[in-house]
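Participant: Protein chains in written order, with this note's numbering: chain H, 1 to 327; chain L, 1 to 518; chain B, 1 to 326; chain S, 1 to 326.
Because the hints were derived from the structure by calculation, they are not lab data.
Some clues are possibly wrong.
What the hints assert, rightly or not - Straight-line Cα separation of at most 27 Å, BS3-like style, residue types lysine-lysine; simulated pairs: (1) B:K145 to B:K164; (2) B:K257 to H:K97; (3) B:K107 to B:K282; (4) B:K122 to B:K181; (5) H:K97 to B:K145; (6) B:K234 to H:K97; (7) H:K128 to S:K319; (8) B:K164 to B:K70; (9) S:K319 to L:K293; (10) B:K122 to B:K187; (11) L:K89 to L:K214; (12) H:K97 to S:K319; (13) H:K128 to L:K293; (14) B:K122 to B:K234; (15) B:K107 to B:K291; (16) H:K128 to L:K141; (17) B:K138 to B:K187; (18) S:K268 to L:K293; (19) B:K257 to B:K122; (20) S:K268 to L:K362; (21) S:K268 to L:K141; (22) B:K145 to B:K187; (23) B:K58 to B:K302.
What you are looking at is a predicted structure, and each value in this text was computed from that prediction instead of being measured.
What follows is the residue order along each chain.
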Amino acid sequence: MTTMDSPAPVIRRPQQLAPGTVAVVVRLGLIACIAVLLSSLSPTFATTDNLLNILRQASLLFLVASGLTLVIIAGGLDLSIGANLTLCACLSAAAIKATSQPTAGIAVALGCGVLVGLTNGVLINRVKIPPFLATFGMLWVAQGIAYWFMAGQVVYGFSPAFRFFGSGFWLGVPVPIWVMLVTGACGVIFLSRTTIGREVYLMGANEAAAVLSGIPVARRRTLLYMVSGLMAGLAALIYVARLNAAEPGIGEPLLLPAIAAVLVGGTSLFGGSGGLFRTLLGATILTLIVNALNLLNVSATWHPFVTGAIVVLAVLADAAVNRGARR
Amino acid sequence: MLANRESPDGGPETMAVRPGRDQGTAEPLLRLIDISKSFPGVHALRGVSLEIHAGEVHVILGQNGAGKSSLIKVLCGAYLADDGVIEHKGRRIAIQGPADANGIGVGVIFQEFSLAPYLDIAQNIFLGRERAFAKAGIIDKAAMHAAARDVLAQLGLNYDTWTFAADLGVAQQQMVEIAKALSQNSSILVMDEPTAAISERESERLFEVIARLKQRGVAIVYISHRMREVVALGDRITVMRDGAVVASYRRDEVSPDEMVGAMIGRSLAGLKRREALAAGAPVLTVTNLQTAKLTDISLEIRAGEVVGLAGLVGSGRTEVVRAIFGADPLRTGVIRLDGADFAQRPDRSTRAGLALLPEDRKREGLALPLAVGENATAAALWRLFRRGWFAPSVAEKVCRNLITRLNIATPGPAQFVRNLSGGNQQKVVLGKWLAAGSRLFMLDEPTRGVDIGAKTEIYRLIDDLAKDGAAVLVISSELPELIHLCDRAYVMRDYRIVGHLGRNELSEKAILDLAVHQ
Amino acid sequence: MKTRHVKHLRLLSAALISCGLSAAPALAAGEVIAAFTKNQVDPHFEGVRAGVEQMAKKMNATIRQYVPTKPNNITEGMSQLEDVGVTRPNLVLFMPIDPKAQLPTIKRLIESGTPVLNYNDKAGDAPYLAFVGQDDYKLGYDIAKMLFDHLGGKGNVVILEGIKGSNTGDERKRGFDAALKEYPNIKLLASQPANFQRLLGLQVMENLIQQHSEINGVIAAADASALGAAEALKAAGRGNVAVVSINGVPEAVEAVKNGGLLAIAEFNGFKIGCVATEIGLKAIRGEAMPKRVVIPGAIITKANHSEWLVPFQQRTCPAAADYAGH
Amino acid sequence: MTDQIVHAALTAPAAALLRRIPGVTFILVGMIVVFAIGNPRFLSAVNFTNIGLQSSLLLMLALPMTLIILTAGLDLSVGALLGLCGVVIAELLVAGWGLPASVAAAMLVGLVAGAVNGVLVGYLGLPAFVVTLGTMGLCEGLSLVITNGDPIGGFTPALENFYRSTVFAVPTPVLVAALVYGLLSLLLYRTRFGNYVFAIGGNKDALHLAGINANLVHTGVYLLCSLTVALSALLLLGRTNSAHPSVAVGMEFEAIAAVVLGGTSFEKGQGWLFGTVLGVLAISVLRNGLNVLSVEPSLQVVCVGLLLITALLIDRNRKQASQNGA
């Protein structure tokens, strides 16, 4: 029923900032505040090494969260990213070991990720299973295949050429950070400068309207789940290269932090709003907080609590901003 | 104020307004004085005064967007009036929420259904009033279903009260909605177009019930734009236009023509029936189309034609355009555009030049959280940016052109579309298809919830489209609108096309005779 | 519509039956042993499973493996114990995920007449056939001491703990602390949980590196965390920091060989699996067996590492008699 | 829905009745047949007890979750809250508060969590997923902080004795879950509150227009869920005999899966409380049966995923079939 959604009263600020801009500014401000506070409290915080360290940890989280961000903007959800990452990592590591060709591993990781994403897309589009359950089911399937494939072993020891992606430096900056910046930039361009990117927002904001505007929503959705899988595959490569090993427990602990990074960044689960730069900020904030707690010698048992609090605060703040914008 | 329309010149001054004419004969049950309500961009109600008497049917007459629905919402507590006074039995009261309205005995039969899909009929009828059947908090289901059957029996209905609302057809849902309102034993019963979706037989039952209620002293506010019902039922008739009361009569002192005159008003009086154009080649031909619901639909629309698709709410009109557009799967049938087959999928249809303006603008037409610009180019991205690269500057230019061409009242493309008035929102949906360069426009209730100003502009636009050689299919529940706009019309009943009316055969009576099962 | 259902059901049951059949043991003569491990992630448990399988094959018994679907999931581990009670194997080899939680269930299993042998982790006080495992406290103590001696009795160290509340993790930590007390010039900079995980080991170490400019040694409660920490140290250009751990899975031993890790206290899942199976089987076949077998753990260094480089499947089970009496 | 099925059973043809039954029922029956063939002991009384015990806790979470999903929401915090309430009770028992006071404290914790979820979702209209994800983090974090990561044991054995007791050979936890089912179905199908739950998911505005404080009812559903979870902590403590901060994390996903398996939809307030019982049983029977048949551990993981997908696939096909047949 539409009777209750009474239009808001006639107040309009002339130079109103878009809520999206406000969200980004607030987050940048928060990061700046924490940074200022920490550098006054701990001399080691503001060192280049520490900042690069934070960014490198954030970059791994960002990569997992980036595909998820696209899916969430389009109004979906992907719970399979963690297990997908595990599966990609295990298969690609085995492929590299078997062929001693890093390229084989890269192909396997990306291919496997895309395939899992495609399956998600088909389950959601064709079988009409809600994304929550389709991807939850795939989580178990992918995890199970990874267990079966690895049979309790760890695949380890890779060539320096491959490990460069995870632990190398380029121009003094760790490669994962470059990967984050490049994929982030590609993603931002994809979302803002391609028609498909614009369609992602439309279908997230109102799927029925998007369908009736001639947007091939089902195909776009499959594409996004495939991109989400692709990013899981890419993240898997970076993880394997970084850890120099692949084991079947690698991805599962990453799911909830990735969702948290998206939400803390300010992408709404209602769909239709958000962006990759915000997820980058979200990942940075979460990493920064843990780093801060460590530097301040706060016990590690507090980390989940603080993370939970940050998620709640971010959601409340965005709700307040959006309410303000609606008036 | 976003609205840039000039207010309709002088309606209230020139028409015979006789409010409170019978004052003194009886104390009204409910009196509304100078009620006003505005939303961003539109004054929904401007100083509306109304008297509702016990034992009378007070018909409120007006076109789409005249303010009838807003008035009801104020009455039932869904909207809070910005200004004005409400008196109940001479005592000043405030209606601040549905509970207040219930407190003074206002019951409403909504046009948009207020049923919960997975509650059964009995539970829906007594939603919010279960206490009557509860012992120690536990509902006596048998008693509740018996009571529900009693209420339905008053309407001559024999529904299985255990059926979920979700499993009912539109007409049945409407009847349950009526039963729900009846069961409240309201002293003031508001009915918002209760016959829009039901058959003649069911309507007759309803009128009998209304007569009985009148005898019991219930005050009835009946909203309709069907002249036959107005004449048959109304003791008192108030005509609204553009958010204001323009005339108020007793039944015996007014002719239908006079009422139509008041309803349409000067602003539309100059707008005579659309001139027929020479029809061109067939643009759309549909042969023996069949879907899960529809049977045997065949129709043809030619270039330069405006064709109507009439029928009661729930007769399958929306399903036809959805099927043509490819939004619902076909079972059998051939749909040709310019004589050629095309894939029945919304994205292909869009590229082939079809346009669909959906019935429910907010749910299916617009992405409300997004801006005007994003919505206006939603259907045209493929056309504007053929290589897939999006250029904000191009999109903005296209959108600004549309804003000018359609006279959309908005500060700019960046404005959120939810902050626009209904009429301007509808223009954005239309603009979406203009930008897409469509040639066949299927418009499902194009003027629903739209004010008079925007309505005229939409009529003019439809005329322009036809003149430019586009084909237009219009669905409307408002028969004068269909007659005004269309060169000819198909009439539907029970998911079939039951008749075709040429330009000279088109009349309210002819349409209703076909649409309503005799 | 109906035929479609039937088709679905048929497909499903076919799938399930084939699952069941492929997993059902070949009807070999001999006893059925249910072997519990904690997860499918840590190679240590793969070592245990390999040892159990090899010895069972040798002694003509059949093994059924039980591992929770979610790593170290307590409630799942309990359900599996209950379910094993239904299948009534001849012998249960049991390691607790959480001794407190699982003790009552295991007691009822024993009461119902199923012999249970406790291996790998101590599982509280119950009438087990025997305990076969290693002394986690001593492993922790030995490896910490080895590191401190290597550092010349002075320097800054950090500890990467295991999962809090697990017997293994807590005992090892106790061993580290005991050794620490004996070396007054060794300064403990930080002790943080790394949950036996590689990624956590890496990230905790990355953060500790930022915090502390001088770290001389790292003690990790398990190989995975140690390997993660070693990666972090290497990436930060502090490859000279001595890292020690406990376990000795082939990957870590290779790191010892390459100098990535200084030393490992041997916690040998393969041997535990072999010996536990042998003792358990012999006990239910009526031989008198020791109640408690503690397999000593060597310190694996560059000098003696080659024995542990062999993959589990290619190793040969030791005889239980070698360890009886320890 | 129960009413509708009973009513259909009395009045409608069998086909209509069949259409109302969720697809998981067929899978459940199929699994029971397959498992019984695979191992006849699957049908033993002991195993039924196992399935009952293993289902009861999940059922305690999934039943109130059904109500939340009927309001088109979901609650991710139940697992973490269950852990937190367990920790609170255990901690206070150890501190000597006595059982009633400790349980009251846990109820208070549940009340606060439910109120936070309920107000943010019901009154502010925030997405339930996000809100409850946040409270999940808070609850899990809080229990870690309270326990410092260590499990708490050594409190009164009364809880375990209660958990292990039976009434006429039926385990008490099963009776407790049945009681909760009875109460909730009374609440859902025979009270005003129940009607409003369906109405919130189906048409919240209609409820509002009927003069009901729909937001309050909406909040009440979350409160009800959290309070049930707080009480369930007693079963958890009885089962695990100790309190672990993160023992139940992840159970929320299984609870949600069980609800949806049972035919409750995320939209329109469509659902069936008894379906949730079937969904929980399907998950428990699958896990139990795979254990009883000793299916390869990694295959067990895959099977859980396949169960979810297959059940929804069947429902989808039946829905399509019935639409096409209509």
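Participant: Which hint numbers does the structure go against, in order from smallest to largest?
Facilitator: Violated: hints 5, 10, 12, 14, 16, 19, 23.
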